[in-house]
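Chemist: Sequence lines, in order, name chains Y and V. Per the working numbering: the first sequence = residues 12 to 379. Per the working numbering: the second sequence = residues 12 to 379.
Derived from the structure by calculation, the hints contain no laboratory data. Accuracy of the hints is not assured; some may be wrong.
Copies of the same chain look alike in the list, so a pair counts if it fits in one copy or across any two.
[Said to hold, decoys possible] When the alpha-carbon atoms are kept at most 27 Å apart in a straight line, the in silico DSSO-like pairs for lysine-lysine are as follows: (1) 130 <-> 241; (2) 363 <-> 114; (3) 185 <-> 195; (4) 241 <-> 195.
2 protein chains.
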Amino acid sequence: MVCGDEKPMVLDPWGSEEIKDYKKLFSEFGLKEFPEKWKRELRHYLFERGIAIAHRDFDKIMERIRNKEEFIVMTGIASSGRLHLGHKMVVDLVLALKKLNGKIFFCIADIDAYTTREKIRTMKEAKEFAVENAANALALGLRKKDIYVQSRKEARYYEFAFEIAKKFTFAELKAIYGELSPGKLAANFLQYADILHAQLPEYCGKMPSVTPVALEQDPHMRAVRDVARKLAYDFCLPSSIYIVHQSGLREGEKMSSSKPETAIFLTDSPEEARKKVFRAFTGGGGTVEEHRRFGGKPEICKVYEIFKYHYPNTKFVKEIYELCRKGELICGDCKKMCAEFLAKFLEKHRKKFEKNLKKAERIVHGEA
Amino acid sequence: MVCGDEKPMVLDPWGSEEIKDYKKLFSEFGLKEFPEKWKRELRHYLFERGIAIAHRDFDKIMERIRNKEEFIVMTGIASSGRLHLGHKMVVDLVLALKKLNGKIFFCIADIDAYTTREKIRTMKEAKEFAVENAANALALGLRKKDIYVQSRKEARYYEFAFEIAKKFTFAELKAIYGELSPGKLAANFLQYADILHAQLPEYCGKMPSVTPVALEQDPHMRAVRDVARKLAYDFCLPSSIYIVHQSGLREGEKMSSSKPETAIFLTDSPEEARKKVFRAFTGGGGTVEEHRRFGGKPEICKVYEIFKYHYPNTKFVKEIYELCRKGELICGDCKKMCAEFLAKFLEKHRKKFEKNLKKAERIVHGEA
Numbered sequence: 012m013v014c015g016d017e018k019p020m021v022l023d024p025w026g027s028e029e030i031k032d033y034k035k036l037f038s039e040f041g042l043k044e045f046p047e048k049w050k051r052e053l054r055h056y057l058f059e060r061g062i063a064i065a066h067r068d069f070d071k072i073m074e075r076i077r078n079k080e081e082f083i084v085m086t087g088i089a090s091s092g093r094l095h096l097g098h099k100m101v102v103d104l105v106l107a108l109k110k111l112n113g114k115i116f117f118c119i120a121d122i123d124a125y126t127t128r129e130k131i132r133t134m135k136e137a138k139e140f141a142v143e144n145a146a147n148a149l150a151l152g153l154r155k156k157d158i159y160v161q162s163r164k165e166a167r168y169y170e171f172a173f174e175i176a177k178k179f180t181f182a183e184l185k186a187i188y189g190e191l192s193p194g195k196l197a198a199n200f201l202q203y204a205d206i207l208h209a210q211l212p213e214y215c216g217k218m219p220s221v222t223p224v225a226l227e228q229d230p231h232m233r234a235v236r237d238v239a240r241k242l243a244y245d246f247c248l249p250s251s252i253y254i255v256h257q258s259g260l261r262e263g264e265k266m267s268s269s270k271p272e273t274a275i276f277l278t279d280s281p282e283e284a285r286k287k288v289f290r291a292f293t294g295g296g297g298t299v300e301e302h303r304r305f306g307g308k309p310e311i312c313k314v315y316e317i318f319k320y321h322y323p324n325t326k327f328v329k330e331i332y333e334l335c336r337k338g339e340l341i342c343g344d345c346k347k348m349c350a351e352f353l354a355k356f357l358e359k360h361r362k363k364f365e366k367n368l369k370k371a372e373r374i375v376h377g378e379a
Numbered sequence: 012m013v014c015g016d017e018k019p020m021v022l023d024p025w026g027s028e029e030i031k032d033y034k035k036l037f038s039e040f041g042l043k044e045f046p047e048k049w050k051r052e053l054r055h056y057l058f059e060r061g062i063a064i065a066h067r068d069f070d071k072i073m074e075r076i077r078n079k080e081e082f083i084v085m086t087g088i089a090s091s092g093r094l095h096l097g098h099k100m101v102v103d104l105v106l107a108l109k110k111l112n113g114k115i116f117f118c119i120a121d122i123d124a125y126t127t128r129e130k131i132r133t134m135k136e137a138k139e140f141a142v143e144n145a146a147n148a149l150a151l152g153l154r155k156k157d158i159y160v161q162s163r164k165e166a167r168y169y170e171f172a173f174e175i176a177k178k179f180t181f182a183e184l185k186a187i188y189g190e191l192s193p194g195k196l197a198a199n200f201l202q203y204a205d206i207l208h209a210q211l212p213e214y215c216g217k218m219p220s221v222t223p224v225a226l227e228q229d230p231h232m233r234a235v236r237d238v239a240r241k242l243a244y245d246f247c248l249p250s251s252i253y254i255v256h257q258s259g260l261r262e263g264e265k266m267s268s269s270k271p272e273t274a275i276f277l278t279d280s281p282e283e284a285r286k287k288v289f290r291a292f293t294g295g296g297g298t299v300e301e302h303r304r305f306g307g308k309p310e311i312c313k314v315y316e317i318f319k320y321h322y323p324n325t326k327f328v329k330e331i332y333e334l335c336r337k338g339e340l341i342c343g344d345c346k347k348m349c350a351e352f353l354a355k356f357l358e359k360h361r362k363k364f365e366k367n368l369k370k371a372e373r374i375v376h377g378e379a
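Bound-form chain Y, shown alone:
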């Protein structure tokens, strides 16, 4: 618990310490902050609340959105574990873009998970995770046709990964990634193919595309744009939006599938989620009295972050922010509300997840 101290107050319900660090990097990477005007136009809380914080070349996508024209949305997950709230946010963002006429290419990156994770020993294991990942994605609202699995594509896609491989030198790859294993290297070519293949004539043809990524994945995006220029195809250079990931439930940690205590999993029971919320790091005062007197710090609070990333009603989230700041909402009550909100979501999600398991198996293993 952190008491109110002498630091200047930041009165921005969508700000956080992490975001301030991020902003310093934008100009270095050639990115632009997401303009307020666009946030209003896009009418979705993930933009509005600064979770999608910056972009490269999103202008072209805005134009398509304004003209009600299609554009490509490519992203995916290479999870070697259960999906958590952080993954939900990515799917929510994809769904928001889908409503704006995005054509969705949501990749279950089982080959990537296999080649890059030591703990996954065989593709069979990677596919077990893929089934769970796909069932979660369906339960969150994606459709079967929005999803593809790396190990179950058309030959054209793999051929394209080799076309890409020829365009790189080892010097370039080392400059981007440092030391790589051969397996990771091969998986990178497939990931470049993931981002670009939708623009091949066999798929959508030339079309603006956008990929939501975390800021630390930007070298990858720059590499994709470089290779798009070198290939003998007429491609739009892929645009990207940079998302600030929800942090872990403990102080200074990421939300990670491999650390169950940092994450609320989409398949957690309401009771598990409640326990995690009550154990989470908050911005509350040391005692109820101190909290009431000095107010809380929602900008560092993991419980507030759950509301900020997942609670659709923006007015309500702002209220929580204000009430916490003023010390009028105490942590116990706030956690209770959060646990109740999650319990409702998780119960519904669990049902949809189970309903979609068979469909997920067909996506990963093909029709029986």
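Let chain Y serve as the given structure and place chain V on it in line with the hints.
Modeler: Just chain V, lined up with the frame of chain Y:
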């Protein structure tokens, strides 16, 4: 032209200078000479004449042949040009093994050709060569079901290449190949998949397999055997037979698609072939008189080599050898016979080639 000199005579119609050099390398590489007993059992001139000169682990294949059981034959071509007599020999060998119950996996390695050849700039170009290569392979006697194209396989095959990639370190790859480009590296994983994938449950399942290779490709075979041991599948370690390639038509050169003067192409006209035969380096004496007096040296003669590699009647080839040695057959007459033999073959081949072009296009580009 080389006159008869003081070197000791090698009275072996199936020997050559190159083969003597090869034999030194066998023990170093852990290979075995092809036993005389097997040559007699296999009843094909390519074995009999020592063109298939050595092997690793072919014992298992001999056992399958004796028991009239199936085995896998995997080889292929990654040509970035027209096919020549050297390629014909490989197809002849595959056809010989097919008659002995071999299940043929003949790969048109268009992705390999694209990634490893500077002159091929796009997959489109690689596929143009692939169509010509496939039409030639069909004209030589392979069937559509014996042939596959790297860029048109099932997802399972590409997935398998990534499974293989994970099993290597860069240190291992550098030890085998020296410096590699990322494209060549990626193509290597696909080539390992070529050799091993037929043993996956989705194809033939565990089954002895044999790949004919040139001696200098042996590091590749050892790498494949190493990775076969590391993968979580029950595979027979792939066997190999080592072939001595037909040399180029000029002294000290390989037969190469990129040097038209060294090769007789399967699509050469009889007239072109005749010219090339008449210009070829021979083992004849400096003058007809010297030839008659000292005899010729078929073991260094490129015209004799054409007979040795392609003329089915062994008795006739032996006769040519003897008559040349004794100086009774002069180069002019021998070249004429050779040109006539080739003319007949090339004329028939050209017709079959043209007849098979559409089928070849379907193999490379799919059904229209």
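Chemist: Determine for every hint whether it applies to the structure shown.
Modeler: So, going through the hints one by one against the coordinates:
no. : hint        : in the structure
1   : 130 <-> 241 : between (35 Å within a copy, 16 Å between copies)
2   : 363 <-> 114 : within (23 Å within a copy, 47 Å between copies)
3   : 185 <-> 195 : both (12 Å within a copy, 16 Å between copies)
4   : 241 <-> 195 : both (22 Å within a copy, 18 Å between copies)
The structure shown violates none of the earlier numbered hints.
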